[in-house]
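**Student:** What follows is each chain in one-letter form.
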Amino acid sequence: MIHSALPNSSTGVSRRAALKQLALACGLVLSASSLSALAASVTPPTDLTRSKKTLLNTDQLALLRELGDIIIPTTDTPGASAAGVHDFINHFAIYCASKEEQQGLVAGLKRIDDSAQTRFSKPFLSASKTRQIELLTNMEQAADGFTADDRAFFKQLKALVTFGYYTSEIGASQELAYLTIPGGYKGNFKFKQVGRAWALPQ
Amino acid sequence: MDKNIYIVKSTEIFDAIVVGSGITGGWAAKELTEKGLKTLMVERGRPVEHRKDYVGEGVKPWQMPFRGQIEKAIVDEQHYVQKKCYAFNDATKHFFGNDKDYPYSTPKDKPFDWIRGNQLGGKSLLWHRQSYRWSEQDFTANAADGLGVDWPIRYKDVEKWYDYVEIHAGISGSVENNPALPDSKFLPPFEMNAVEKEMKTRIEKKWTTRKLIMGRTAHLSVPAPHHTAQGRIQCQARNECQKGCSFGAYFSTQSSTLPSALATNNLTIATNSIVHSVIYDPKTNRATGVRVIDTETMATREYFAKVIFLCASTLGTTQIMLNSVSESFPTGIANSSGALGHYLMDHLYGAGATGRVEGFEEEYYSGRRPTGLVMPRFTNYSEKNPNFLRGYQLTGSAMREGWDAFSQRDGFGADYKAAIRSAGSWHFSLGGSGEMLPRYENQVSLHPTLKDKWGMPQLHIDCAYTENDWKMMDDIANTCADILETIGVKDVEKHIRAKTGEWAPGLSIHEMGTARMGKDPKTSVLNGWNQAHDIPNLFVTDGASMASCASQNPSLTYMALTARAADYAVQQLKLGKI
Chain W
1 MIHSALPNSS
11 TGVSRRAALK
21 QLALACGLVL
31 SASSLSALAA
41 SVTPPTDLTR
51 SKKTLLNTDQ
61 LALLRELGDI
71 IIPTTDTPGA
81 SAAGVHDFIN
91 HFAIYCASKE
101 EQQGLVAGLK
111 RIDDSAQTRF
121 SKPFLSASKT
131 RQIELLTNME
141 QAADGFTADD
151 RAFFKQLKAL
161 VTFGYYTSEI
171 GASQELAYLT
181 IPGGYKGNFK
191 FKQVGRAWAL
201 PQ
Chain Z
203 MDKNIYIVKS
213 TEIFDAIVVG
223 SGITGGWAAK
233 ELTEKGLKTL
243 MVERGRPVEH
253 RKDYVGEGVK
263 PWQMPFRGQI
273 EKAIVDEQHY
283 VQKKCYAFND
293 ATKHFFGNDK
303 DYPYSTPKDK
313 PFDWIRGNQL
323 GGKSLLWHRQ
333 SYRWSEQDFT
343 ANAADGLGVD
353 WPIRYKDVEK
363 WYDYVEIHAG
373 ISGSVENNPA
383 LPDSKFLPPF
393 EMNAVEKEMK
403 TRIEKKWTTR
413 KLIMGRTAHL
423 SVPAPHHTAQ
433 GRIQCQARNE
443 CQKGCSFGAY
453 FSTQSSTLPS
463 ALATNNLTIA
473 TNSIVHSVIY
483 DPKTNRATGV
493 RVIDTETMAT
503 REYFAKVIFL
513 CASTLGTTQI
523 MLNSVSESFP
533 TGIANSSGAL
543 GHYLMDHLYG
553 AGATGRVEGF
563 EEEYYSGRRP
573 TGLVMPRFTN
583 YSEKNPNFLR
593 GYQLTGSAMR
603 EGWDAFSQRD
613 GFGADYKAAI
623 RSAGSWHFSL
633 GGSGEMLPRY
643 ENQVSLHPTL
653 KDKWGMPQLH
663 IDCAYTENDW
673 KMMDDIANTC
683 ADILETIGVK
693 DVEKHIRAKT
703 GEWAPGLSIH
713 EMGTARMGKD
723 PKTSVLNGWN
733 QAHDIPNLFV
743 TDGASMASCA
753 SQNPSLTYMA
763 LTARAADYAV
773 QQLKLGKI
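Each protein sequence line maps, in turn, to chains W and Z. In terms of this note's numbering, the first sequence opens at residue 1 and continues consecutively. In terms of this note's numbering, the second sequence opens at residue 203 and continues consecutively.
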């Protein structure tokens, strides 16, 4: 089993310390040996050693970045680009997607840019926000010359963007609510007690 | 962990050998060592130490390179079957068997998805923890319709052993006095959420035969003192159990049975040791030990003992038995009946219905509950269902949609983001766990030529759904949809995943049978003590021993049968009978 150490500076509290804090917070009395056994020498298997292959070139990546920010914009919390969604998709697609899916993503991005040229005589990135949104809305609805395939592509794109966003630290723990260790299940609980959706499914 | 308990070669003649370290192997090791037997546990996979080796535990999605998904090239090469399991992801994959190393074959038109563990702890690290007792009606099912062979035991034979294993393991659930699903010795149940309580009220008002109750699960909702003494802590409702739980809050070999066995100082463990075959002495009519292949060096060695317990998982155990051929047993050890390899069963899953519950926008829940609800079997029990034989239980839950549901819906931008933050609508689902009939034709055998890289003949698994299964799955989907529609759930959709090829036999991960118990040595491999009819010091207590499969998750029953068989084996040993 090969795993790499996560740089401590980016995680803040170590796993062992977090578990210990939790145990005390729950009023759990643990023997010294139990506490020391908890999370003794585990390092999370975050990959820093897999090679950084990517799927998209600079222009494609810039377009994806913009699309991400249209789908999940900055509101009172950061949007997709701040959460690195475009970089994540770029890395994710080359390793986890099939050749067909990779080609589909590249072709779909081109379709969006070509459609902007056709409609507005400029690249998508140069079009106004209003026109960008109008184009994507039509694409999603398979309207104004967009086909069912285009609609299907936009769905895939949105699936990638939401996946990349809501599994990011910003998306999961700032925009939504994330409890590493919930402390138990409460069935009698009001939405307003948390005020936002949980990031992880039950 | 004390390194001295791990061995490679040994000339010691142990009192007992336990093959396998999963749900039943751990229990056999605990019981035999606690009763004073010097016991060797033989595990084909690597050691996994509680806490230390739970490398995926507590890792947040953004700390994983692909947020929990895995490189396609690795999955395609090494996990092409295991990937189908709901629990398989980047943080758990190291606890699943490697498909490349352990291939098997099936007929082209009869897919079978064999989901396996392959390390110390086996599938006890990966299981879903659902724990249900069998009822008397389950034990008499074969006798009632004449399919399969009559169980040589009844509920009363196992009842106190259920008590015994439940108290040690810790089973959370509610007392219901439902004859279809006898109550366990319970820790407090997990809570229902507001919508589930409402669904329960509506269902039970409409049908007196249908009860929606909290699921019963091997989790410490509230630990008892003996759990705390083992260093096990209250379940924190992370619902990431398959990554490993340093709190020991669910039952596994590592959290529960292994610590007990180790405390006796009677346990020795050999890991990375594939059992090739059981050694048989025809002069004494005894199994005398096991032949082992070292996974790392390919060297072979033997271990010897007075009693052998096969607990290597249903198909793992049967593979060993089929491969243990001798003049006395040319078709596999203890197989004078010819039943070895036959009567393979799995539960019928993948059929059910789901829909949207209006309202309850102010209601939510906190924590990720590690169990759903269960509706104990009413089909062909308290209700009559003439379309098919036997029956099913239902499980389900109510949840609010998360971001992933929205990803499939139209919309984007600030409003879309806000809608996701507000949590989606409530959904309520029900799905079935159906009883597959015991059939001779559902069988496993050793492939005549193909072997794995250690020279073990591969299994050939020939198992298919038949008419009764399809009818039952139809009924499950229709009944679930009918329940939901009747109680006011909207946009009800039903599904039968087996029909679309998404749920082959095996994927329910409740594969059982192939070395069945029975009264008659001519038609069964084991007697009522899980003891081989042919060889009195050979015991099989994992799923291979099952003569029928009922509709309940089986592991609790495996635990009880194991503890009972171990008790019997030790008595027999002391009486000089084996």
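Since the hints were derived computationally from the structure, they do not count as laboratory data. The structure presented is a predicted model; accordingly, all values stated were derived computationally and were not measured. Glycine is no exception: its CB is placed at the ideal position from the N, C-alpha and C atoms. There's no promise every hint is true.
As the list claims (entries may be wrong) - Just some of the chain Z residues that point at chain W, by a computed CB distance under 7 angstroms:
| # | residue |
| --- | --- |
| 1 | Glu-273 |
| 2 | Lys-274 |
| 3 | Tyr-566 |
| 4 | Ser-568 |
What the hints assert, rightly or not - Simulated pairs of lysine to any residue, SDA-like, Cα-Cα distance not exceeding 20 angstroms:
| # | chain 1 | residue 1 | chain 2 | residue 2 |
| --- | --- | --- | --- | --- |
| 5 | W | Lys-186 | Z | Lys-653 |
| 6 | W | Lys-190 | Z | Glu-400 |
| 7 | Z | Lys-653 | Z | Glu-498 |
| 8 | W | Lys-190 | Z | Lys-653 |
Claimed, not checked - Which bits of chain W does chain Z cover? Going by a derived footprint, with three or more residues having C-beta under 8 angstroms, they are:
| # | segment |
| --- | --- |
| 9 | 53-62 |
| 10 | 84-98 |
| 11 | 108-121 |
**Student:** State for each hint whether it applies.
**Tutor:** Hint check results:
1. Checking Glu-273 of chain Z against chain W by beta carbon gives a least distance of about 5 angstroms; that is within 7 angstroms, so the hint holds.
2. For Lys-274 of chain Z, the suggested interface contact is upheld, since its CB lies about 5 angstroms from the closest CB of chain W, less than 7 angstroms.
3. The interface hint given for Tyr-566 of chain Z is met, as the beta carbon of that residue sits about 4 angstroms from the closest beta carbon of chain W, less than 7 angstroms.
4. A cut of 7 angstroms between beta carbons decides the hint on Ser-568 of chain Z: the least distance to chain W is about 4 angstroms, and the hint holds.
5. Using a Cα cut-off of 20 angstroms, the hinted pair Lys-186 of chain W and Lys-653 of chain Z is violated, with the two alpha carbons roughly 51 angstroms apart.
6. Proposed proximity of Lys-190 of chain W and Glu-400 of chain Z is supported: the alpha carbons are some 15 angstroms apart, at most 20 angstroms.
7. Of the supplied pair hints, the one linking Lys-653 of chain Z and Glu-498 of chain Z holds, its CA atoms being roughly 17 angstroms apart against a limit of 20 angstroms.
8. At most 20 angstroms may separate the alpha-carbon atoms for a hinted pair to count; Lys-190 of chain W and Lys-653 of chain Z exceed this at roughly 57 angstroms.
9. Chain Z is given as covering the segment 53-62 of chain W, and this is violated because 0 residues of the stretch bring a CB closer than 8 angstroms to a CB of that chain, at least three being needed.
10. Judged by the Cβ-Cβ criterion of 8 angstroms, the segment 84-98 of chain W is covered by chain Z as claimed, because 7 of its residues qualify and three suffice.
11. Only residues whose C-beta sits within less than 8 angstroms of a C-beta in chain Z count toward coverage, and the segment 108-121 of chain W has 0 of them, not enough to reach three; the restraint is violated.
Hint compliance for this structure: hints 5, 8, 9 and 11 are broken, all remaining hints hold.
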